[in-house]
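The sequence shown begins at 12 in the numbering used here and counts up by one.
Everything labelled a hint here was simulated from the structure, so no lab data went into it. There could be a bad hint or two in this list.
What the hints assert, rightly or not - Below, computed lysine-lysine pairings styled on PhoX-like, alpha-carbon distance capped at 25 Å:
(1) Lys338 <-> Lys235
(2) Lys223 <-> Lys338
(3) Lys262 <-> Lys363
(4) Lys223 <-> Lys235
(5) Lys100 <-> Lys166
(6) Lys57 <-> Lys166
(7) Lys363 <-> Lys338
For clarity, every value in this text was computed on a predicted model and none was experimentally measured.
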Amino acid sequence: MTPRVRDILLILVFSVVLLLVLEMLTRLVLPQDYRTTSLNGLPTAKDDRVLGHLNQPGTHVRLDAPEFSVEYIVSDEGFRDEVTHSHPKPDSVLRILLLGDSFTWGAGVAYEGIWPVVFEHRCLADGLSVDVIKAGVSGYDTRQEVIYLERLLPKYRPNIVILAFLPNDLVTNLPMSGNDSLESRQALKQDSLLVRNQGVKDSPLHILTLLKRLFMSNDFLYTKLYFNTDRSQYFSVPMADRLKAQIMITKALLARALTYCRSNNTAFIAYSIPQQIQVLVRARNYHPPGIDVEFIDQEFSAFARDSSFTWIPALPALVERYQSDGKDLFFRLNGHLNREGNAAVGDYLYLKFRELRRNEIR
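Construct the complete structure from the given sequences, taking the supplied hints into account.
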């Protein structure tokens, strides 16, 4: 063995040992994996043949993640909610049904800090006698939310339905069919635009995940990383034919929800919650080529006007909050709203809701 080869081997061995030491220290001091612990022996979800899954009533779990540690408690009614919702509804109460995915569920944030609770408390503090049903279910798309709406409305008879929408709902939304079983939905989903959460995957090495978090803490580097993944298709212009088709499908789903609500004398509102990338691009005035982070809201706002329902885009409010406070509104790695982001979303919904109440919700 020549001295040169020996030196190279020594450098490689030293590098591997150093990496292993750093990995062990990271796992001990700053673990970067997700660990779910059931605190009462119940699973986090239960199977449902039509919806795929529902929140498991009575479950109590703790989730430890790189950016947060949080406990989730599900009520006996199947909601992340500390309020019991009587039925029939008292006439003196304004009941609001909130539907959505993990952003409405409040992933990563303690119950009192999630935006549905922030919105509820703002309404109560303003003297409104409201009963807010917090029916978010992680992993749902618009199609599942509409089916869930049709299941919950006859039982709880809300005065108002607010459906939270995110751009990634476009990925997996499928048209309604005569057969709405889970099996039919899974078969159709093979032709979906993208696989939800497709993009840069977390590394099994904790040290690499930690380095990625540090990399993503920079706004410019975060946007560069994002637009080098397939997720950029959400905001690419001109729109691909497949994205146009997904928008049409989603409009049909919203129209179905609107028609169902109207047939039950219930007001319908869609609340558009942006993704982190949209806020960063707008707040920093970036101009990635072929990208428009606002066109989805523009498209659906026009549809809402034509259909005579209310579409509330939260993007401007979050951009203003980020520019003024300079505090992150999302967990950088996880992507969900953090406590500050939830506060901003809840506050803004309350302000728009108060405005709509003054003008009478259509």
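- prompt: If you draw a straight line from the CA of lysine 223 to the CA of lysine 338, is it 25 Å or shorter?
  reply: holds, 19 Å
Distance restraint between lysine 363 and lysine 338, which requires alpha-carbon spacing of 25 Å or less: holds, 23 Å
field: Given hint lysine 166 paired with lysine 100 - CA-CA distance at most 25 Å
entry: Within the cut-off at roughly 9 Å; holds.
message: Hint check: lysine 338 vs lysine 235, CA-CA at most 25 Å. Holds or violated?
response: holds, 20 Å
message: Please verify whether lysine 223 and lysine 235 have alpha carbons no more than 25 Å apart.
response: Since the Cα atoms of lysine 223 and lysine 235 sit roughly 13 Å apart, the hinted pair holds (cutoff 25 Å).
field: Straight-line alpha-carbon gap lysine 57 to lysine 166, limit 25 Å
entry: OK: lysine 57 and lysine 166 at ~20 Å, within 25 Å.
message: Please verify whether lysine 262 and lysine 363 have alpha carbons no more than 25 Å apart.
response: holds, 22 Å
The structure is consistent with each of the numbered hints, conforming to all of them.
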